[in-house]
Amino acid sequence: CATAPRQIDTRPADAALLAAQSAREAALAAQPDWSFVGRIAVSAGDDGGSGRIEWRQHGDDVAIRLAAPVTRRSWSLIREGGEVRLEGLDGGTRYGRDPQVLLYEATGWLIPFDALGAWVRGARAGADARIEFGPQGRPATLHEGGWTVDYREWDAATPARPLRVFAERDDARVRLAIERWDAATPTP
Amino acid sequence: QDARARLDAFTQGLEGLDGRFHQRVFDADGRLTEESSGRVALSAPRQFRWEYERPFPQLIVADGDQVWIYDPDLEQVSVRPQSYEEQQSPLAALIDPGELDRQFRVSDGGSADGLHWVVLAPKKAENPQFTEARLGIDAGGLARMTIADPLGQKTEIAFQNWKRDPDFAAGTFHFEPPEDVDIVGQQIDRAEITPLRP
Chain D
-11 CATAPRQIDT RPADAALLAA QSAREAALAA QPDWSFVGRI AVSAGDDGGS
39 GRIEWRQHGD DVAIRLAAPV TRRSWSLIRE GGEVRLEGLD GGTRYGRDPQ
89 VLLYEATGWL IPFDALGAWV RGARAGADAR IEFGPQGRPA TLHEGGWTVD
139 YREWDAATPA RPLRVFAERD DARVRLAIER WDAATPTP
Chain R
629 QDARARLDAF TQGLEGLDGR FHQRVFDADG RLTEESSGRV ALSAPRQFRW
679 EYERPFPQLI VADGDQVWIY DPDLEQVSVR PQSYEEQQSP LAALIDPGEL
729 DRQFRVSDGG SADGLHWVVL APKKAENPQF TEARLGIDAG GLARMTIADP
779 LGQKTEIAFQ NWKRDPDFAA GTFHFEPPED VDIVGQQIDR AEITPLRP
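Note that the protein sequences, when read in sequence, are chains D and R. For what it's worth, this note's numbering labels the leading residue of the first sequence as -11, then goes sequentially. For what it's worth, this note's numbering labels the leading residue of the second sequence as 629, then goes sequentially.
Rather than coming from a laboratory, the hints here were simulated on the basis of the structure. Only a predicted model underlies this, so the values are computations on that prediction, with no experimental measurement involved. Note that beta-carbon positions come from the ideal geometry of N, C-alpha and C, so glycine has one too. Wrong hints could be hidden among the right ones.
Stated by the list, open to error - What follows is a list of derived Cβ distance ranges for each label pair:
1) Asp102/D - Gln640/R: 51 to 61 Å
2) Gly726/R - Ala145/D: 46 to 56 Å
3) Gln814/R - Glu71/D: 31 to 41 Å
What the hints assert, rightly or not - Just some of the chain D residues that point at chain R, by a computed CB distance under 7 Å:
4) Ala29
5) Ser31
6) Asp34
7) Gly37
8) Ser38
9) Val58
10) Thr59
11) Arg60
12) Arg61
13) Arg163
14) Ala165
15) Glu167
Bound conformation, chain R alone (with noise of 0.2 Å):
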């Protein structure tokens, strides 16, 4: 079975997804500059909450409309509308099978690290989010994606323990501002959706 299939037996009428995981980023000279790691959940067809726990913390939730990210050290919450943050994260392609080939050319990349690879190119030419992403597959399903960005920097993540569609508990896609933090970025209300600049 070639990764692409490996890749879709995992998503195969996946509603949800609950685990870790472990990220490494390396510079243009291959020097790691940052390691974090935290919690990621999923629930299709479009909401994530990615929540790093350390070195600090930090709280992305996507809930359908909007995505919020919350610094408690900054103490500012900045949301934008989820369109605009879907193309940024092949994540988002995993819970919504045919975005994958909507949003990416898709290859196979052989296997390496005891991984199966598939290889995504994005289809939208200019401004590209990133040059390439990659998908480990092992018999857990995905177990590593890698980034490249246009700068020549690399983000590797490594995911653990997936639980496969959990029932998640009440709000884990829903993100209310605390009180005393700066909002910043657009709030829409249902109807109208307007794409912001990075």
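Chain D extracted, bound-state conformation (with noise of 0.2 Å):
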């Protein structure tokens, strides 16, 4: 797959690439059901860790699932119908209606999952978003709510997915490593 230079030319974002990324993101929003598998690594400052994730995404439905390495010991964050559950941190479920908030007391740790959800698939997650595009026409570095989100590698699919995606804010970061862009049975 092809691997963005670090040093891209972000050509300014013009009305052609503009289009184009629009229509790219009505594409994914015709496809509300989508999932990855990969690793995801977490840090606030010098606090942090990674593990495994898998990520299912139903419309507004969403079950994350995070798990360790070696024990694969796991945790899940799960959306159905607008209420949301933490399950299998140490001190049992927490229940509430954000996502973020729950993780952000249970762990520390800062995901914004409902602009993920968006970034992680090349979109944006609002309209206040700015993006910069890379040689091919696909955005490189988006930026939105303080966020700057760097596309460092897409596959070879068409229209391309993301594979590396590292998002930054102050001292928080979310860095995403796609091994496989739906959680079906692995082909051994």
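Dock chain to chain to rebuild the complex, using the hints, since each chain is given by itself in its own frame.
Set out below in structure tokens:
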């Protein structure tokens, strides 16, 4: 798969590129059910960790499972019908309505789940996002909500899907490496 | 000989182990969600190296004081005091037999799949790392380890071609973070060990 070189000539977003981006986002919006498997690294200052992540989205409902290395000790964040629950962490299941708040209160980790659900697919989450495009007209960097999202690698599918996404805001970092763009059973 | 006696025979006087692992993870509905493999090395009393090679590279090194986790794709190294990590993996009990009885209630799981099984239940009641682990023993020693976690997920790790007491290359259980990575977690100096939340 093509790896965008780190020093990319990020041409200013112009009409054609933005139109192509909007078309890509419309195509993504038409697929409310998607999933991926990979690894996530989260840090806040010098505290943080990494693990395996499985993300399954069905419209607004989402099930995200994170698992530690080796023993794969896991915990899950599930939103169904607007209700959010966080299971498997020490101290038992937690309930709420905002996944980001629930996770932050339980672990101190800041993961902007709703926005990340768009960023990870190479899309803007809201209207105020600003994009710098890379060589093949694909997003290289996206700025939104105080976050800077770097697209380090894309796959060879059409439309191309991100493989490595590095998001950062102040001293909070969320990094994703996508292993498979659907969480079906792995082909041995 | 029951399974525990076979396990003790395998770990008897063991100084180190080096072998291959093949890991499969099944979700609560029994669906295979991950398949990975790589190298595992252990050195008494508390050092181990767990190196995922496929489908992605990830290195975990416990040097005796700290556990380092290096994700090249994520350009991040996380480091934690080893005392916390140790309760996570029954593997550590392999090369520190006293640890087995200290941490787990050990019972005989009979034989199945051509293996003799030892069943481990964590003694630490609150927030156990797993509900049950099982060690499958054959003539070559530990052949399989299965771990069931509180969310019903099952991890199954098969081991192959163990080398007993190999002479490890220098640095096998040492980790130097590369230049351009983020280092997160707490690096401890020898004296002070502080537990960290997950």
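Hints, verified against the model:
1. Distance hint check: the CB atoms of aspartate 102/D and glutamine 640/R are about 55 Å apart, consistent with the given range 51 to 61 Å.
2. Distance hint check: the CB atoms of glycine 726/R and alanine 145/D are about 53 Å apart, consistent with the given range 46 to 56 Å.
3. A hinted range of 31 to 41 Å for the beta carbons of glutamine 814/R and glutamate 71/D is consistent with their spacing of about 35 Å.
4. Restraint check, alanine 29/D versus chain R: the minimum CB separation of about 4 Å is within 7 Å; hint holds.
5. At its closest, the beta carbon of serine 31/D sits 4 Å from a beta carbon of chain R; the interface hint therefore holds under the 7 Å criterion.
6. A cut of 7 Å between beta carbons decides the hint on aspartate 34/D: the least distance to chain R is about 6 Å, and the hint holds.
7. This hint holds: glycine 37/D has a C-beta 5 Å from the nearest C-beta of chain R, less than the 7 Å allowed.
8. Hint status for serine 38/D relative to chain R: holds, with the closest Cβ pair at about 5 Å, below 7 Å.
9. The closest approach between the C-beta of valine 58/D and any C-beta of chain R is roughly 5 Å, which is under the 7 Å cut-off, so the hint is satisfied.
10. Residue-level restraint check for threonine 59/D holds (minimum Cβ-Cβ distance to chain R is 5 Å; threshold 7 Å).
11. Interface hint at arginine 60/D: satisfied, since its Cβ lies 4 Å from the closest Cβ of chain R, which is below the 7 Å cut-off.
12. Evaluation of the arginine 61/D hint against chain R yields a held restraint, the C-beta minimum of about 5 Å falling below 7 Å.
13. Interface hint status for arginine 163/D: upheld, as the beta-carbon distance to the closest one in chain R is roughly 5 Å, under 7 Å.
14. For alanine 165/D, the interface hint holds, since its Cβ comes within 7 Å of a Cβ in chain R; the closest pair sits about 4 Å apart.
15. Evaluation of the glutamate 167/D hint against chain R yields a held restraint, the C-beta minimum of about 6 Å falling below 7 Å.
Every hint, counting from the list given before, is met by this structure.
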